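Chemist: Assemble chains G, U and C onto chain Z, guided by the hints.
Protein chains in written order, with full-length UniProt numbering: chain Z, 1 to 457; chain G, 1 to 457; chain U, 1 to 457; chain C, 1 to 457.
Because the hints were derived from the structure by calculation, they are not lab data. Predicted, not measured: the structure shown is a model, and the values here were computed from it. Note that the Cβ used here is the ideal one computed from N, Cα and C, for glycine as well. Don't take each hint at face value.
[As the list claims (entries may be wrong)] Now the in silico label distances, taken between C-beta atoms and shown as ranges:
1. Pro291(Z) - Glu439(U): 20 to 30 Å
2. Glu77(U) - Glu348(C): 41 to 51 Å
3. Glu168(U) - Lys68(G): 44 to 54 Å
4. Ala238(G) - Leu193(Z): 54 to 64 Å
5. Glu348(C) - Asn137(G): 50 to 60 Å
Protein chains: 4
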Amino acid sequence: MTNLHTLKIAYIGGGSKSWARSLMNDLALESRISGKVALYDINYEAAVQNAKIGNQISQLEEAKSNWKYEAVSTMEEALSESDFVIISILPGSFEEMASDVHTPEKYGVYQSVGDTVGPGGFVRALRTIPMYVEIANSIKQHAPDAWVINYTNPMSLCTRTLYEVFPEIKAFGCCHEVFETQSLLAEVVKEFLNEEVAQRSDIKVNVLGINHFTWVNQASYQNIDLIPYYKQFVEKYAETGFEKEEGSWKNSVFSSCQRVKFDLFKKYGVIAAAGDRHLAEFMPPIYLKDPETVSSWKFHLTSVDFRKENLKKRISENEELAEGNHKFEINSSGEEGVKIILALLGVEEVVTNVNYPNKGQIEGLPLGAIVETNALFRNNTVQPVFAGRLPLDIHNMVHRHVLNQESALQAALTKDKQLALNTFVNEPLLTVSREEAEELFDEMLKNTKDYLPGWAI
Amino acid sequence: MTNLHTLKIAYIGGGSKSWARSLMNDLALESRISGKVALYDINYEAAVQNAKIGNQISQLEEAKSNWKYEAVSTMEEALSESDFVIISILPGSFEEMASDVHTPEKYGVYQSVGDTVGPGGFVRALRTIPMYVEIANSIKQHAPDAWVINYTNPMSLCTRTLYEVFPEIKAFGCCHEVFETQSLLAEVVKEFLNEEVAQRSDIKVNVLGINHFTWVNQASYQNIDLIPYYKQFVEKYAETGFEKEEGSWKNSVFSSCQRVKFDLFKKYGVIAAAGDRHLAEFMPPIYLKDPETVSSWKFHLTSVDFRKENLKKRISENEELAEGNHKFEINSSGEEGVKIILALLGVEEVVTNVNYPNKGQIEGLPLGAIVETNALFRNNTVQPVFAGRLPLDIHNMVHRHVLNQESALQAALTKDKQLALNTFVNEPLLTVSREEAEELFDEMLKNTKDYLPGWAI
Amino acid sequence: MTNLHTLKIAYIGGGSKSWARSLMNDLALESRISGKVALYDINYEAAVQNAKIGNQISQLEEAKSNWKYEAVSTMEEALSESDFVIISILPGSFEEMASDVHTPEKYGVYQSVGDTVGPGGFVRALRTIPMYVEIANSIKQHAPDAWVINYTNPMSLCTRTLYEVFPEIKAFGCCHEVFETQSLLAEVVKEFLNEEVAQRSDIKVNVLGINHFTWVNQASYQNIDLIPYYKQFVEKYAETGFEKEEGSWKNSVFSSCQRVKFDLFKKYGVIAAAGDRHLAEFMPPIYLKDPETVSSWKFHLTSVDFRKENLKKRISENEELAEGNHKFEINSSGEEGVKIILALLGVEEVVTNVNYPNKGQIEGLPLGAIVETNALFRNNTVQPVFAGRLPLDIHNMVHRHVLNQESALQAALTKDKQLALNTFVNEPLLTVSREEAEELFDEMLKNTKDYLPGWAI
Amino acid sequence: MTNLHTLKIAYIGGGSKSWARSLMNDLALESRISGKVALYDINYEAAVQNAKIGNQISQLEEAKSNWKYEAVSTMEEALSESDFVIISILPGSFEEMASDVHTPEKYGVYQSVGDTVGPGGFVRALRTIPMYVEIANSIKQHAPDAWVINYTNPMSLCTRTLYEVFPEIKAFGCCHEVFETQSLLAEVVKEFLNEEVAQRSDIKVNVLGINHFTWVNQASYQNIDLIPYYKQFVEKYAETGFEKEEGSWKNSVFSSCQRVKFDLFKKYGVIAAAGDRHLAEFMPPIYLKDPETVSSWKFHLTSVDFRKENLKKRISENEELAEGNHKFEINSSGEEGVKIILALLGVEEVVTNVNYPNKGQIEGLPLGAIVETNALFRNNTVQPVFAGRLPLDIHNMVHRHVLNQESALQAALTKDKQLALNTFVNEPLLTVSREEAEELFDEMLKNTKDYLPGWAI
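One chain only, chain Z, in its complex shape:
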């Protein structure tokens, strides 16, 4: 029996400027558990700053629990005796990310995010996998019984690496993309059934696929099958897109009008359950043909320059906060990490979507591949829920990515450049000639070579 008030959470990537704050907020709003959080980051100062912020949050009046935050200087120190491990790292710097996202543009290949699939996601994976090998080995040694929650992208390959290195690990990956789909379905209910859905989780969905290319083939609210209503909704909004406030999608680089999602429904008959920016990257260059096409589908390319700017803002904001110059407000993040932690502590059973090795929960996908479906979380256990089989045409697209991911993993582990190249050219987004693809591959590898020790680059 774990004592609910002397918990230890290890946070790998504890200098994070965004996820870390979400966690701090959510922990502060939950009275049933407390303990300490050890923040580890290769940027130690950033961890120290977050510790300061966290401890201030704990002391706010509206905080319902008192968590103690501490920056630590080694992974071992963070992991030792931890009950939970959260991993949310930036693999490499924005320099490498800029190469991931923008180098392909020279060849006419555009990516809206560049962290999951496509040439950018692929190269990011090659760079990230060795880091996850190290983390997995460290967990094996220092916290073999801890529950491990991954937030880093590429989600599937990060989680897959953990299991490859330490098969007994108790790890899974959390992602909020499906939540947005539930929220969208709540809008459908509002529009056609004239009813306000009390909370997102009242929309029941059957989730199946892989992270960021997840699909929902059953959706209901109470005893109402929502698929026929969603169909009407798509028919109504396919051309214009849907947004709560007109034109608001232009205000944020992360926003969209769901036109990609709607178009995929028209083509495949099943709800694509991730944001348009992610979905587009799993497909051939239909939605990402060029910047004009992207605009016409009403979503955005996220430039790394934007990210750099954005980060600067968050850094200075954090500094202010750390120094206590700012008034805090504790807001629930909308993430489910803390809810899941509670479930794993036996406080409250939860069924939600999760990235986890395929035990058969998706028929027809290889066992062991990291897939996204619902799972039942209970005291010290996560159990995937059987989700069935994807429609054939979607299955084929998903399966192609699953196989590419497995190849990417093996290429990364064995530092096999030829296998890496042969996998790279399989990316659906990459329809340039083989010669150009090879050139691009070489250039991208060179740009990230500091993170590829042992490779013949």
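Modeler: Chains G, U and C in isolation, oriented as in the chain Z frame:
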């Protein structure tokens, strides 16, 4: 969207003297749904009587919903337009059941129930399968979209037959045996943790195995792992057995002191999650060697004479009730049928144990075999929860029964007497010589031959 | 026991101008079996003509056996009481084939054959599958125990359809492409080991993949591992290509210099075991970018005009032969059909490559998919030989085609145009925009719509 | 390319009194290969003696090749640089074997061999597995690329252990039991078809099952299906048994009249393809009820006293031979080891039965379990041939043993006495009470405890 107040339930075996009443009570206590129940039984009079009883219950003041009961004279009439189908039949009469249970005694083979495995369960299966072939075909024709809940034993083979004949059927089997284990674990909590468990379902268990030979390898209450406490409990009560009131096990032929369950835990390290009467029949004749041995383990052989007496009582009680000579009391049955119906109607999500085709929820057992694990019930969907793998030694015993069940099904479908015999002699309970086994087999088949048309008997 | 001298062979597509003659020759050269061949063709006259030719061959002095050929006017008549069924049909006419091959050229998509994959192979499959449904049903009814040998392309989907419709069928597909690879390896032996290989089958290869995209990962001659020698051979000839007689590849539209095969070895490290014309179509447009690229890789686009011309020649040649105006020469065809027939009759055991449902002979590919590996042929039995697993990068490419084939089958069976389109756009050769792909798809379907009854075209 | 005349064979158990001589003879009779044989045995003197014998055989005039035999004192020395490894050891001494075979007799449990299954085979396995762990580790270190041929019983578990410890090992197990079935089928041909079969291997059989409980469901000679003839043969000889010379079965403890084999065919409809002494032990005590029953089925219990006597004879014979006092005769052993070695060297392709991890060659049995089927042997490769699925009733019996073997392996590796006991009581031959079984188990473990270091005995 199904209208929650114009539901139709078809009850196959609607003349039933016990399960039918449980359902009537549970429906009456639930305000959120209502409609009509069509009772079909080969004994039409019994169905008429139950309809009378049901309609009286509906009119009681404490009834929270108004269900209309009607006896119908054909299966088609019952099934047409039904939303749910409940099957709970007696396959054959008590004459055949007497042969199942008592003929083997001539050869020194004792059975405590005789309806699931062992020579009796096996022959009962041969007799029941053709009935289920007929029911499945009728459902396929008249109610292909209805949810089908089976209560008849042998549970696994009845459900398996439904899927063999109509693979798209939406069927599963419900059984209360695991509930008893949850209740026992609540006693463990009380004894060692000094806490009253509010409701049985607060005990979370991971269920895996096959019906009546089900196992629980994880059990928790809140954040407390109950396995170590159960171990202590077993150590304390292995010899004496456990009962709430001393000596009470002697009062009912259905009672026991859990000594078989405790002994299995000592031998196999995992909780056997069915009653001792059922568990004993899946094993070699350890607990069922002879009547004295049964007594020493503090459980009972259920004689069919007892069942006949018991039935007589229930019949006269029913007559009284039907005539309105008795005051009714509506008591919750403790069964979960109505709770599951509510979940399938989207009213309230439920996770509970169920008998369902293996989709991979139990690793290592053949796909398609009917296994018992937890499942998630939601609007119009049942999804098994991944339960893992049984310990090797238990797996071997369970797998043997699974294979025997598959052989029994094929033997019944093809009326293959040699295959039937070769399966019969695989029953662990049957350790007599091959010659005696063949004699016994012949005699038992003869006794049930009215229900085996087309067989060379 | 089958009488070896009263055999009946049914030939579906018996008016064939090429395969039929190969069979006649090979049968004539084999003294150990004889009987009759029933030729069925939708072009009855062509079958009559072939019967005449066949009967003349039988009477030649050098014929070692006396086969009687007869044209029949119904499939039933051909199939009834047959021991073997050979299927080699032209699905549709050269008009549809011209559309398959040349319509995509308008969009810059070039195909060297157009009968297996790519847009042409896909549409050909849609047209062929209903014909194979009819054939399979006819075999089920009239010749359920006969051995069925398929020669029609698309090989995998034709064979797959037979099994889908009649799962108990005893069918497999034969293709000579791998033989060429054995012959090439014999050249390797000659070049580097200075030894003449007596017969092609002395080169032992492990075959795995799918028809026309088959791979060889082990090759030996006696106790010599040939892979290292093949590597040297590729290094030597990768640029120039290899041909026995310089410049001879230009003389025939079916010839090549193996440069595609060599390039694939350089990229993937395993021998691609089909002709360059076929291999190129399974890949993205590397080798088929445009006619100039094709020339530079030293192989050809086969125009349907050429096929038409070629056919004319063969028709007039056949007429001459049928009328007895020509002297026959009986030459062994190099095909293995008759050798396999002998094996299935118990005359002589054979191990050779075959297209057959996956029973696990290729790890990681779906069970039931038609794969190409070695198999052991013996009296009345074909048993695939376990071939192992493809290297990851090749596996990914092969698997993609396997999934597309399964989708194509389902689209054809259910006449689902959307599924067909979603599969069509998955063809690696097709890198045009989605809009163009849809246009092309529509045009190609229209051109073949006479063979797509029931489709919404 | 391996030089065929500088081969090195390592013989683990090289002091063997019987198998070693078979090998020496067979090697001497084969001119196409030669080299040296390193004999390693824990009894070094026995190896020295065998080396002397081997070298004398090599110098005989009729020897077609010159092999050099050498006794070595460490396993490493034997294994280093070897091309082939042969393992044929006696696990423990005749003392332990006497306990395996005869201790159960005190409880009325009789075994005809006691080296494969049953209580004796099980305990022998527990003792042998640690030895095979050591051998596997040594091969991994010193001869990872060598081909390893196992002859030791229990065959399945020895081979399984090699793969468990060193998954990349190139190992398989050879057994001659199926050959006897082919010879018996040659007798069937003689009797009903009046034809002499030239050689045993002209009888083609489809082999499936596990070692010593192997089955043949297809058998043919040329184009003749032998199953119907075997059926007649069984009908004719079921009661009397079959022997070439009347009464000859009484002359050798290893002989039988095949009555068990025939009876199994009558019960299960498929040919049991091992000797009666082995087959009987896999079944409940039908044929092994007591010594009288054994006699009535016309086979023998092999007492260990007999083995001891027999060994003495062979030892003195060997001494004579080693001293050169005896004239040698070189006789082919009838074993296929050398034939298989030739095939693995690329000299001549062979299809024969072999014990090998299940890759899917038997449907429905767990992947990785050691099963017996045909395989194709070629240069440096063994590839199982797809054998299909056993009939349900036989499958159930075979599967039970497969699961027990897996449990036995895990019990032996983890020294888990409870798991061992729970597996022991699953042996079909053991129908005594649980109490007696536990007593027997304890006694047998004690008798072999010198070979069970680390166990709590």
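Chemist: Can you tell me whether the CB distance of Pro291(Z) to Glu439(U) sits inside 20 to 30 Å?
Modeler: Between Pro291(Z) and Glu439(U), where Cβ atoms are some 24 Å apart, the hint holds.
Chemist: Please check whether Glu348(C) and Asn137(G) have a Cβ separation lying inside 50 to 60 Å.
Modeler: 57 Å, holds
Chemist: Can you let me know if the beta-carbon spacing of Glu168(U) and Lys68(G) is within 44 to 54 Å?
Modeler: 50 Å, holds
Chemist: Just to be sure I understand the hint, the distance between the Cβ atoms of Ala238(G) and Leu193(Z) should be within 54 to 64 Å; is that true here?
Modeler: 58 Å, holds
Chemist: Per the hint of 41 to 51 Å, is the separation of the Cβ atoms of Glu77(U) and Glu348(C) within bounds?
Modeler: About 46 Å separates the Cβ atoms of Glu77(U) and Glu348(C), which means 41 to 51 Å holds.
The structure agrees with every numbered hint stated previously.
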